[in-house]
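Engineer: In case you want the letters, here they are:
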Amino acid sequence: MNYQMLLTQMLEATLMSLRIFFVTLIFSLPLGLLVAKGRMSKIAVINLPVRLYILLMRGTPLMLQLLFFFYAFKPLFGIQLDRVLAAEVAFVLNYAAYFAEIFRGGIEGIPRGQYEAAKVLGFTRKQTFFRIILPQVIKHIIPPMGNEFITLVKDTSLAQVIGIVELLKVTSNWVSSAVEMTPLVIAGAFYLIMNGIVTRCFTIAEKRLDYYR
Amino acid sequence: MQILSAKNIKKSYDGTQVLNGISIEINKGEVLAIIGPSGSGKSTFLRCVTQLETVDSGEITICGETLVKNDAAGKAVYSDRASCVKIGLHIGLVFQNFNLFPHFSVLQNITEAPIRVLNKSKEEAEITALALLKKMDLSDKANAYPCQLSGGQQQRVSIARALAMNPDILFFDEPTSALDPELTGEILKVIRSLASERMTMAVVTHEMKFARDVADYVVFMDNGTIIEQGRPEQIFENTQNERTKAFLSRFNED
Ligand SMILES: Nc1ncnc2c1ncn2[C@@H]1O[C@H](COP(=O)(O)OP(=O)(O)OP(=O)(O)O)[C@@H](O)[C@H]1O
Ligand SMILES: [Mg+2]
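Line by line, the protein sequences are chains A and B. The first sequence begins at 1 in the UniProt record's numbering and counts up one residue at a time. The second sequence begins at 1 in the UniProt record's numbering and counts up one residue at a time.
Rather than coming from a laboratory, the hints here were simulated on the basis of the structure. There could be a bad hint or two in this list.
[Unchecked claim] With a Cα cut of at most 30 Å, we get these calculated BS3-like pairs of lysine-lysine:
id, chain 1, residue 1, chain 2, residue 2
1, A, K154, A, K74
2, A, K126, B, K86
3, B, K141, A, K139
4, A, K139, B, K120
5, A, K139, A, K42
The structure displayed is predicted, hence computed values, not measured ones.
So that you can see chain B by itself, here it is in the shape it has in the complex (with noise of 0.2 Å):
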């Protein structure tokens, strides 16, 4: 089953082209990966389909249900604004920075959008949430504040406040790059439990060994198009994309 697909995007910001007909498709329990050097448009795709974005053109649809297409001029139509906060529920983001709400502990981070959103009870959305923070190895920390736990933690947190909205997909921004290179481990470890668990994600990374590791399937983006996609062996081994060659010989490097 189909969760994504996006056709043809396109994406400018005043006059610079950023996305430039990017096609990208996910189906269920699917991992995907998407490198490619700074700048050429990887978050831009992840906020388009997260709709902190909008496109210029193309098509998005997400579990069957289409966000936005074409008219006939070749011009973006998105869905009715409750279309759009429906399919909305259906995705997750896990930022670069977490972006925990620092007022909320702990706890209330994970259970406020289960109780407002998806008016669950508080009883419900607790336990919900106690159970995803003993996955994310963070059983002690429920009534801590944000500002007292380490980055990892805290993405930590921001993974489970994701996951308590069950989401079809869940989108990660770079999950690591924030934190110190002892800390990313934590963070991999508990991505990969979750694609064990056959949770279709989409990830962009710098993390090449992660992304051959646990990836299905990884897109190269450079530029606002995509390069190459393919299997991890393909891309990572195989490639004769000279782009491709050029971009991974800078991580072997180091």
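Chain A on its own, in the form it takes in the complex (with noise of 0.2 Å):
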């Protein structure tokens, strides 16, 4: 067995399965904070959307949404997405619906007094949500959101049924062709390397915002 393709070509993988993680974080959890507020209207030609919008991508399959973007969107939409882009625009919808209902939750959560304060005190909504309730919410929902973190980096893992070589791609690869057990090993190590750093990150966040109740 070649070990230096084998890491090289793991380690090549690996840099699509962190691009993967990367793009849908930097998206979704923007576009999680706009649908959660969506999701909170009291208007129903936005609350209904959305909420349809968020049952279609927590009630179906991601496996499912990847096909969908790359197989289906140009007989729909007359335009084909290339396998990357489409892996992103599934895991960035998937992924914001998801962290829109935790936004939600935190955001709900925030006792009515906190806006009442701001409102006698003069601060536009604006400010309101974005330097008292925010900051607040994001204490709250750091649990939640470790948990989802931790989910996707496993989840790019999903991003082979279109044909994207990801780190569990390329150790299905190796050890179908070879009988060996290491590149299992390695891929295992792998994740677990990544999830390590991700925990840490929000042992840190939370220890950080440890200081008020």
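Quick one: dock chain against chain with the hints and give me the complex.
Structural biologist: Pasting the structure below:
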């Protein structure tokens, strides 16, 4: 077995997994916040479509959504998304729905008195949200967010259904061609390292925000 | 000079009339105490004048600026949004349960609104805040967080936070009700000292002795109407009104 080649390929594939991971976070976190706002809107034309979107994203497999954006997008909309873009779109939309529900829980958990105090002091709605509410929301949603981030690291492996060569795909290529278990052990170690870092970041964030209740 | 004038305020929550024609006036430098049994609409009235609720009908004028008045059909019409915001700046409100911002230090709780809303410089806002903290006897707590303070200290911070906006009138909704009995004194002392500086205030309270000592006027509310209003001596010693008597006798028993 050519270990150097194995490692090179696995590292390259890990970069792809990481790319999906970061692109998903960068876009789905703000989008999730926006979706949460829409979900809490009292206006039916905003609220209902947002609910439907959340239902679709959470109610169908992420793998199906990946297949949809790669294979069904062209026949439906006339545009062929390239593999990686299709994967990123699917991941962003899927994770935004989960993040939205976490944000909503956090926002709804902030006591009404916070809004009232801010209003009487003359803060605008925007200032109230970004200066008073959101910082408190972030503290409260750190534990569920940690879960989602860890799941996302592992979910990146689903991208292989549309032919993307990420960490687990390379691994399975190697184990199926050579009868050896080393690639599995290495892949496991890679995922553990990534999630170890994620966990560490969340522990630090939690500590940092521990100065108030 | 008239700071607050509320005329014939009516407000109902899904069919139940909570305020049934409340009229109250407060002049500059006066302290008004609002008393009455639970559910009589005291908080609702404060929430209406502080714009946390809207009225169904009636007229509210603050520092000569009209917040809301009736149209020809007798329905409340509010001023435009910018005016409402501007009128709101004349007013401070101290809540029963403080509602401090937990993620801000004591100092930042007090400086945030002057900086963001009144566009004061950080230095200026902090000088004012520290002076207010000194007055509240909390100089050593500037960098503490609300969760590290006692209820009485939190309430004093919230009074400082309201005062930092330099309001023309300060409303209190049962400022001592969430406190242990031994802590109510420190808050009442602060309000007394504000009264001696001629701060215009309206205080909803169940502390009858305090209302009698500090208030220039007392309003007794029940069931969404003002049953009686007058000087404290009138209400507490010479009332001829049966409902006022019945209400006050409950306090004299305990
Ligand atoms: N948001 C609301 N929705 C429906 N009813 C309400 C609402 N807020 C207050 N009420 C009702 O209005 C009435 C007056 O309430 P309010 O809180 O003004 O009384 P209060 O005089 O402040 O009483 P307390 O001394 O207990 O604080 C009560 O019957 C209450 O149930
Ligand atoms: Mg009340």
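Engineer: Give me the numbers of the hints this structure contradicts, sorted from smallest to largest.
Structural biologist: Of the numbered hints, all hold.
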